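Based on the provided sequences and hints, a complete structural model is requested.
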Amino acid sequence: MMLLISSAAMAQIPSVKVEDGKGKVINTSELVDGETPMIISFWAVTCKPCIRELDAINDVYPDWIEEANFRVVAVSTDDARFTAQARSLAEGHGWGDYTLLYDKNGDFKRAMNVQFTPQVYVVDKNGNIVYSHTGYTPGGEYELFEQIKKLQ
Amino acid sequence: MKRALLALLLCGAVAPAVLAQTDGKGYLVGSFESNSIVYADDSVTNAQKAEGNFGTNNYLKADYYAGNFSAGIQMEAYQPALVGYPNNLEGAHLTNYYMQWADEDFAVTAGTFYDQFGSGLLFRTYEDRTLGMNTAMLGARISYQYKDIARLKALWGAPRLGVEAAPETQVRGVDGSFSLSSLLGWGATNLAFEGSLLNRYEPVSPIQEELGANASTMGYSARLNFERSGFIARAEWVDGGEKIYSNPNILIDGKANLIKRGNAQLVELSYSGGGLGVSFTGRRMEWMASKVSYASSQTNNALNYLPALCAQYSYAITNLNPYIPQPGTTSGFINSGEIGGQLDVYYNFRRGTTLGGKRGMKVNLNLSTYYNLKEEGSYVPKTLLWRNVNVGVEKQVSRKFKMQLLYSMQEYNPSHGEGRGTWLSNMVVADLLYKYTPTFSTRMELAYLTTFEDHKDWMSGLLEVNFAPAWSLFASDMFNHGDTKIHYYNFGFSYTAGRTRVALSYGRNRAGMVCSGGVCRLMPAYTGGNLVVSTSF
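Line by line, the protein sequences are chains S and C.
Under my numbering, the very last position in the first sequence is 228; numbers go up by exactly one each time.
Under my numbering, the very last position in the second sequence is 539; numbers go up by exactly one each time.
In short, the hints are calculated from the structure, not lab data.
Among the hints, erroneous ones may be present.
Here are the simulated DSS-like cross-link-like pairs (lysine-lysine), alpha carbons at most 30 Å apart as the crow flies [what the hints assert, rightly or not]:
(1) Lys201(S) <-> Lys27(C)
(2) Lys149(C) <-> Lys124(S)
(3) Lys201(S) <-> Lys149(C)
(4) Lys226(S) <-> Lys149(C)
(5) Lys376(C) <-> Lys402(C)
(6) Lys149(C) <-> Lys225(S)
(7) Lys360(C) <-> Lys93(S)
(8) Lys155(C) <-> Lys98(S)
(9) Lys226(S) <-> Lys155(C)
Predicted model only: the values in this text are computed from it and were never measured.
Below, the structure is given as structure tokens:
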């Protein structure tokens, strides 16, 4: 059994460098704290469904956080020219509860094999990817919460 | 070919050392994307078709991670490429392959990689499948970071053009960053200085050499980053190095080539806090189009990144005539570059305030304007190239109903500055989402464009029916009732199961610009059925 687990190791959060909201370079492996599961969402200024999804989660966030322990990490895939716009948008959409990251060179996006945005992942407290979903249809956020509840 | 062998050898040299350090806990991840179109005849739009009435673009990517080590490949197959994609995309190829070793401070990569210096004005290699763009470098890169004080990166290689590395171009670069605030331990303020050097080498023809062109040219970039309590200021100054502008249609002093040195300036100021996000970007550029290869005229032939810095639209009707930046041109007429800027404001009226109401309200304003330069070396604007005013409002009206409204005014110069004439259009869009149950919803888009120029007025409508999280069906029509009376209809569905998505649609597509991230390519009109399958594992 142990053998099986180690040979079929789950995909994990890779270790690549991205910028935080203040323009400081951080390593994505630092996201894993051994305590809190995460929803990681890749978005862009030009991606309407991405913004819709993050807004939808933001609307129900106060209720969800009462029921489960988790974080939301919103990774902007906008390149250097649009990060200012992305930062302004995140502020203007009230995403203050989210961990905001800026993946200007697309390293995190490539390492996670994101082809289309929105692309969202549910990650357990140890950094294992347990669920992912491409695209957003309104209401799709409930599936994410089901996955988060399983990790409690 | 020699370079490919060398890169493989480098991989071979790194691999044994690396494999010895991994303890078998590696994992493989990957993705696959297939985009196919069956083309139909359509005399109404003079629709273009691929050879055999069928086109398909396919991408397979796989990466292996084990501890500090990673390796990966990408394969691409164009059998043949979809209509409107660059002609240099054909056949099936192993396009990308790399090995990397990286710990917290140090990283070495051999094979293909993507990178950029600063904002990409001097150098950027990237992939954008919507544009048929992949300029990954084939070569080697080393980067080192000392705490959060200093970073240094050096790279060498040949950028990709089409499906393989450009045969004659070589790029060498160094990029560094130094954080004064980290060194001095300032808590609340970030202050960093950055700089880059870029050497580009490509043999020049005897005629170009006679005109003074050099095979080897150096470019520079100097940057300043400042951040304190929600306020960010960035500035970049670039010497883009020597460029050769050639155009057989126009002789300049009897010469078919023009040798120019590029330069660009970029300023970015932003503030965010208390639900308010404001950002201003100003940019001037002159002779800045940097090419992978002088010989190619394909749209994926770019070694730097010069996107349109204006409102980015996601509705079809607002993208009829998008802004195309003018970094200097000799095609048709001569102009050295452009100057302009944009202002973006986002504000969140919180729940419980007068305007916010019970569920809050989000507003967005975007203003942008661009001119070409009065003369070479000038900072004075001359002819209007582009102007837009955008106002967007987003409101959750009730628990079930969400409304987004957009007003956009766009003024566009169809001659890109050769003449003064502009097309002015006004657009309104209503985007209405109604949720019947938590997972069943419909979304409707209604849009209208009015103008006295070009093809006069347009209207469009879209209806989307969503069964979350798996199914989405849509039907849309964009109708030019002002002139051509052509309906551009589209309908289809998408099905998503976890990481796999299948989308099937049929419709008529107009000729025009397809844009992604502020960069555009021209797409001919086509009609047909489109199947997109994507999955990741």
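Checked hints:
1. The hinted pair formed by Lys201(S) and Lys27(C) meets the criterion: a straight-line CA distance of about 18 Å does not exceed 30 Å.
2. A C-alpha spacing of about 37 Å is found between Lys149(C) and Lys124(S), which places the hinted pair above 30 Å, so the restraint is violated.
3. The hinted pair formed by Lys201(S) and Lys149(C) meets the criterion: a straight-line CA distance of about 26 Å does not exceed 30 Å.
4. Annotation: proposed proximity of Lys226(S) to Lys149(C) is violated, straight-line Cα distance about 38 Å (limit 30 Å).
5. About 53 Å separates the Cα atoms of Lys376(C) and Lys402(C), which puts this hinted pair outside 30 Å; it is violated.
6. Taking the CA atoms of Lys149(C) and Lys225(S), the gap is near 37 Å; set against the 30 Å cutoff, the hint is violated.
7. Our distance criterion of 30 Å between C-alpha atoms is broken by Lys360(C) and Lys93(S), whose separation comes to about 40 Å.
8. A C-alpha spacing of about 22 Å is found between Lys155(C) and Lys98(S), which places the hinted pair at or below 30 Å, so the restraint holds.
9. Restraint check for Lys226(S) and Lys155(C): not satisfied, since their Cα atoms lie roughly 42 Å apart, outside the 30 Å limit.
Hints 2, 4, 5, 6, 7, 9 from the earlier list are contradicted by this structure; the remaining hints agree with it.
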